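Enquirer: Chains as they are written, first to last, in this note's numbering: chain A, 1 to 207; chain B, 1 to 207.
It should be emphasised that the hints constitute simulated quantities derived from the structure, not laboratory data.
Incorrect hints may appear among the rest.
The list makes no distinction among identical chains, and a pair is therefore deemed to hold if it is satisfied within one copy or across any two copies.
As the list claims (entries may be wrong) - Here are the simulated lysine-lysine pairs, BS3-like style, with alpha carbons at most 25 Å apart: (1) K50 with K92; (2) K92 with K6; (3) K11 with K26; (4) K50 with K143.
Given the structure is predicted, the values throughout are model-derived calculations rather than measurements.
2 protein chains.
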Amino acid sequence: MVDDMKIYDFKLAPNPRRVRIFLAEKGAEVTYVQVDLFAGHNRRTEFLEKNPLGGLPVLEFDDGTYLAESVAICRYFEGTFPEPPLMGINPKDAAFVEMWNRRMELELFGPIGRALQHTHPMFKDRIKQFQEFGGIQREQALKQLEWLDSLLAQREFIAGDRYTIADITAQVAIDFGGEMVGISIPAHARHLKRWHDAVAARPSAKA
Amino acid sequence: MVDDMKIYDFKLAPNPRRVRIFLAEKGAEVTYVQVDLFAGHNRRTEFLEKNPLGGLPVLEFDDGTYLAESVAICRYFEGTFPEPPLMGINPKDAAFVEMWNRRMELELFGPIGRALQHTHPMFKDRIKQFQEFGGIQREQALKQLEWLDSLLAQREFIAGDRYTIADITAQVAIDFGGEMVGISIPAHARHLKRWHDAVAARPSAKA
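The following block holds chain A by itself, in its conformation from the complex (with noise of 0.2 Å):
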């Protein structure tokens, strides 16, 4: 257990997932505090001065600063516990672990959350919604984990031949997309099925 450290967290959303599954390869045990997104608590002012953006995850420190943003979070806790390496062993190879990590998250995250925000009834009242926009980022994923198809046809996990961030990057992405908006993977798409099915049956996707 990591003492006096806590996480605001709320378990239906995807992005504190990366985190929570991150911290459960590492074996690191920390205090998770329930905010609900869907209740809007993060719009509280007493959460607001932990993140002023409203977002979650955020770790608390003993110190009483708070560090927002998941893969900021993942990178605190890769320098503190560093076995097993989740974000590269060497400069080069760390470069490459987040090359891909950001991939998974500007070319396969970002198009599944404009989907949503566009076009989920969730987001009506709260932004002005695209629907064909949404429509064309949910035409964008889908090409996307096409892409990731041919791609894991040729190595084991997104950034090569170890589990790494990018990994968990695209497992939370794709299970966030496929029960929110139906971007699933296509039945042909046997690589991909192959490396989902493999980081599913990991312990960690309970997290």
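Let chain A serve as the given structure and place chain B on it in line with the hints.
Expert: Frame of chain A, contents of chain B only:
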């Protein structure tokens, strides 16, 4: 000079500038090879073999591997040219720098980029534009400039009291927004202006 390493670059694009400034701050000299984005040379097969996503910059290693994504390239050089540190000095500091760099990307660079793509004639034939969406993104970016001004009333640089990669991201985003879509620092934002004058006066700003 970093032997046998080159970076595919385009002088007029913002992401390559992030890496050029980062390397200028490190005093690392590399060979730059121009790829004309305006002429679509990044969509040619020979370039897509280097980066299938078509983006710049790309770092070519002497073993024939290619590293894309600006921050991934910066991270490689942070590991191999540690001085001066631009991505944090210990695990906790590195995590906070990453938080601030990501906030500059997600909250500032993101809306500026989408405002450009959805309103600028340059993108008319490249994507389906949603002008109203672009306008909302523009307003969002302007709002974030106000937020940055209030932040910089309390600290010298974006991530605290040292110049970091988060300053580079913000500088490039703001210069690009000003030139391309008229998203400029408001006249009353004197703290943001003070910071911008300071980063613009560094020799790296010309990179």
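Enquirer: When the hints from earlier in the document are held up against this structure, which numbers fail?
Expert: none
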